[in-house]
Amino acid sequence: MRMLQSSILQYVIYLAMRNNNHYIQLFYHYSSTYNLLINSDNL
Numbered sequence: 001m002r003m004l005q006s007s008i009l010q011y012v013i014y015l016a017m018r019n020n021n022h023y024i025q026l027f028y029h030y031s032s033t034y035n036l037l038i039n040s041d042n043l
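In the working numbering, the protein residues as written are 1 to 43.
Be aware that a few hints might be false.
[What the hints assert, rightly or not] Derived Cβ-Cβ restraints for the label pairs, each shown as a range: (1) ASN39 with ARG18: 26 to 32 Å; (2) LEU15 with ASN35: 27 to 33 Å; (3) ALA16 with LEU37: 18 to 24 Å; (4) SER7 with LEU36: 26 to 32 Å; (5) SER6 with TYR28: 16 to 22 Å; (6) LEU4 with LEU26: 25 to 31 Å; (7) THR33 with ARG2: 17 to 23 Å; (8) MET3 with PHE27: 17 to 23 Å; (9) THR33 with SER7: 15 to 21 Å; (10) ARG2 with PHE27: 14 to 20 Å; (11) GLN10 with THR33: 17 to 23 Å; (12) GLN5 with HIS29: 17 to 23 Å.
If you are wondering where the hints come from, they were derived from the structure by calculation, not from laboratory data.
From a predicted model like this one, the values you see are computed outputs, not experimental measurements.
Ideal Cβ placement from N, Cα and C applies to all residues, glycine included.
Let the sequences and hints guide you as you build the complete structure.
Okay, here's the thing in structure tokens:
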């Protein structure tokens with residue numbers, strides 16, 4: 001599952017670099033929810 005999470009992060013970073021700040025804002029907006037999913041998966 002960790003490999004999937006890292007690939008998702010790399011894809012988000014790729015979109016952020018490829019496009020404008022829209023994806024960066026979405027990433028920061030949903031980062032807290034994403035971190036909750038990571039923490040619940042690591043339990």
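**Message:** Going through the numbered hints above, which ones does this structure break? Give me the numbers in ascending order.
**Reply:** Per hint list: 2, 4 and 6 violated.
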